[in-house]
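J.: Make the full structure from the sequences, and use the hints.
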Amino acid sequence: MTEMRYRVVKPALAEASPSEKDTAPVMQAIDIQHRYGDAEILRGISFALHPGEKVVLLGCNGSGKSTLLKILNGLIQPTAGHFMYQNEPITPKRLRTPELHRRFRHEVALLFQNPDAMLFNPTVFDEIAFGPRQLGLQDVSDRVNHWAEQVGVSRHLSRPPFSLSGGEKQKVCLAALLALDPKVLLLDEPTAALDPRSTGWLIDFLSGLGITILTTTHNLSLAPELGNRALVLGEDHSLIYDGPIQTLLADMERLAAANLVHTHRHRHGNIEHRHTHVHDWQ
Amino acid sequence: MNPDRVRLIAYLAAVLAVSIIHQPLWLALGLGLTLLAGGREAGSILRRAIRAVLLFNLLISLSYLVMAWLHAVSPWQMLLRLNLRVLLLTSLTFLFIARVNLFRALDFSRNLTYVLGLAYSQSLTFRRAHDDFRLALASRSLRRPGLRDRYRASAAAISWFIEKSLHAANQSAQALRSRGFFHD
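Note that the protein sequences, when read in sequence, are chains A and B.
Residues in the first sequence are numbered consecutively from 1447, following the working numbering.
Residues in the second sequence are numbered consecutively from 412, following the working numbering.
If you're looking for bench data, these hints aren't it; they were derived computationally from the structure.
Misleading hints may appear alongside valid ones.
As a list, the in silico SDA-like pairs of lysine to any residue whose alpha-carbon atoms are at most 20 Å apart [said to hold, decoys possible]: (1) A:K1539 - B:R554; (2) B:K575 - A:F1608; (3) A:K1539 - A:L1521; (4) B:K575 - A:S1611.
For clarity, every value in this text was computed on a predicted model and none was experimentally measured.
T.: Okay, structure coming up:
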């Protein structure tokens, strides 16, 4: 366990280009609010994602991260507010239009936190081929082999996906989404089912992808590896920070307000004291 | 006695009465009274009850119609009784769920509260998981999923739920044993 605030943060490998912010946003959330019955899940969320950006969405458990990703994937209609994809408003109702549905599902992919929810085909090959087959592509087999090799599941292609470990399932899901060549990848706690070696692999793998990626995590120590801009959902379900990760990491007050750091008694040699910090692995 | 426990007793008595009564007129009256007690939610309770029993009642009713035709007897009294009884029991249950805090109703028994707590937490977890399975299929489908895809997705979800249920039941039993719940 190490203390995060004293750590030198290295920037993510795939930095956004300087002109990135000048380009039109690929996705825009505008004053999104969401409730389940009496419970407030999201409050007044507004931000924009630009092409090629790697953004990390941070927040403690129950802050609304997963719900926000589902809204951005057009699966849930927010109670109020809306979001745009390439300047086009997206709602579950509008997605009933076959052309828009096909284009949006092709270009915006969501990796669920529970990979089991995404797997239902008889073999890993069929799982990865599911999307390309719907597009009627001619090179389905090549795509499947390419992405299976990229994520390291080639040897499992003929196996049922249900028999794989949690980390392997996560990789199969990722390959299944990438086989569609999406423009935006929404990742919900992608490291939750991974061991440390696979987490390292995932960080390298994602940094090499030249597409827009929004990744949720409550693991603060992983955040600077997954992107260079942070969005933080507070415990009151509003967006309390949107900016560079390095600036956020230096702001202990804000991190504490978002319940992303904790205080407890611990020892340094013979000295015992308390202060706010984060652990590398939570 | 707290109001929730009174309602629980009333519900159990009503279920018993509905199971004993055979006259369709009384069953219809019971349904009317239940919806009246539902107040503004009466429409929603009736809609949900009809949706919940539609397939089951349709299958049973059709089977009974065939049997009655083969034996040359009139099916209508029986069909009316059966459908009214099932609809009344389902509406009563929906009304009960909407009006009663089960935890308060069962707070006279520590064991029953434990069992209810376990069942409730499992049902919440499974409801969230069910939503995820449904949304994941929608998210991955570039066109309306075909029958084969829906069948496969449902089979995968059912298999996952069975596996998780067994695991969760095992974990719960171990946790309860660890906390001294069982004395074996």
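J.: Look at each hint and say if it fits the structure.
T.: To see whether the hints hold, each was checked on the structure:
no., hint, verdict
1, A:K1539 - B:R554, "holds (15 Å)"
2, B:K575 - A:F1608, "holds (13 Å)"
3, A:K1539 - A:L1521, "holds (10 Å)"
4, B:K575 - A:S1611, "holds (15 Å)"
Hint compliance for this structure: no hint is broken.
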